[in-house]
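Using numbering that gives the first Met the number 0, read the sequence shown as starting at 0 and increasing by one per residue.
It is possible that part of the hints are untrue.
Stated by the list, open to error - Restraint-style ranges between C-beta atoms, simulated for each label pair: (1) P74 - E197: 35 to 45 Å; (2) G13 - E306: 32 to 42 Å; (3) K7 - N302: 40 to 50 Å; (4) L41 - N293: 13 to 23 Å.
I should point out that these hints are in silico values taken from the structure, not numbers from a laboratory.
Where is the CB? At the ideal position from N, CA and C, for every residue including glycine.
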Amino acid sequence: MEKQIFTKFPADGGARLGDLCLKLIEDQKKTWPALAAAYAGLAGIKTKAHCCGGYEVRVQFNPARSVSSGAAVDPRSIKNRPCFLCTRNLPAEQKGILYHEEYLILCNPAPIFEKHFTVVHRQHQPQAIAASIGSLLDLAADMSPNFVVFYNGPACGASAPDHLHFQAIPVGLLPLPEAFPEGFRIIKDSGVQVYRAEKSDRAALVLEGNDKELLLQQFDRLLRAAQNIVAVSTEPMINLLFSCANGRWRIMIFFRAKHRPDAFYQEGEQRIFVSPGTIDMAGVIITPREIDFNRLDGQSIRNIYTEVSLSEQMMSKIIEQGVATTCSYRAIPNSIKDKQ
Numbered sequence: 000m001e002k003q004i005f006t007k008f009p010a011d012g013g014a015r016l017g018d019l020c021l022k023l024i025e026d027q028k029k030t031w032p033a034l035a036a037a038y039a040g041l042a043g044i045k046t047k048a049h050c051c052g053g054y055e056v057r058v059q060f061n062p063a064r065s066v067s068s069g070a071a072v073d074p075r076s077i078k079n080r081p082c083f084l085c086t087r088n089l090p091a092e093q094k095g096i097l098y099h100e101e102y103l104i105l106c107n108p109a110p111i112f113e114k115h116f117t118v119v120h121r122q123h124q125p126q127a128i129a130a131s132i133g134s135l136l137d138l139a140a141d142m143s144p145n146f147v148v149f150y151n152g153p154a155c156g157a158s159a160p161d162h163l164h165f166q167a168i169p170v171g172l173l174p175l176p177e178a179f180p181e182g183f184r185i186i187k188d189s190g191v192q193v194y195r196a197e198k199s200d201r202a203a204l205v206l207e208g209n210d211k212e213l214l215l216q217q218f219d220r221l222l223r224a225a226q227n228i229v230a231v232s233t234e235p236m237i238n239l240l241f242s243c244a245n246g247r248w249r250i251m252i253f254f255r256a257k258h259r260p261d262a263f264y265q266e267g268e269q270r271i272f273v274s275p276g277t278i279d280m281a282g283v284i285i286t287p288r289e290i291d292f293n294r295l296d297g298q299s300i301r302n303i304y305t306e307v308s309l310s311e312q313m314m315s316k317i318i319e320q321g322v323a324t325t326c327s328y329r330a331i332p333n334s335i336k337d338k339q
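Could you put the whole structure together from the sequences, leaning on the hints where they help?
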């Protein structure tokens, strides 16, 4: 393990975590040829924007993501393959930042953006948010202001649902978070502000506040409400995006009905190889195949979002149970807009 540690955080001299991550990626490009080749390959990816009934989505053709997008995540497949996030199975050249003695921050070997990190728990344990959301809030604060962090649920985007991990990318790259608070309406205004996305074809809520404990309490209420509404005893299907600025956290929650659209499982020309995770739900859809990059349009994107998201009716029930009953739907007050 020690030989895979590039440096530690907190660091001597008080170096910022974001700066250490930038140093890590530059070092790894020099010492890990496979990563250097992956980053060189980013120069050849294609991106185009689509207008989807009033909101923007970008589609990225990225062949290197085929393994992740098509990963078999059923229990049998997971049991029969070595865990690629366990330290003993990492490439010999791969090094990371030891974060609070608990996580290892690694360069993602199949990057979507110019700076892309995977944050891996040192112990092999299942992907689960209830016990790790506090760590995610801390990580978002430590990575701010230049990075956002995100979580893919074990049944909706995580290619390694058997090993707890998060990811981090530069801030400002995802259309829906960048559009906040336009297109959202506030449904609770107290210690934690709660917003609901409108006309996005996605079941998305945003929690915002500067009190960590209040955020954790509100998130827990929503998680329990979602479990009750979708009738599961395990973690409901969610994707999460975390950011922090000036001591104020923002959590964007995507409530999911499906891991992948039905077209993912079709054969021949009917197949659309899109497997939405947090990045896709936040407005950058990754397509490992050029045929899908060329044929996806605004309407087909809207259809995918609607299919994999919880229904309007179920979202209303989750909000009713998971948000304090004193809240009410209303326009965003100017005082809150001024804080953005």
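Structure-based check of each hint:
{"no.": "1", "hint": "P74 - E197: 35 to 45 Å", "verdict": "holds, 37 Å"}
{"no.": "2", "hint": "G13 - E306: 32 to 42 Å", "verdict": "violated, 47 Å"}
{"no.": "3", "hint": "K7 - N302: 40 to 50 Å", "verdict": "holds, 46 Å"}
{"no.": "4", "hint": "L41 - N293: 13 to 23 Å", "verdict": "holds, 20 Å"}
Taken one by one, the earlier hints fail for this structure only at number 2.
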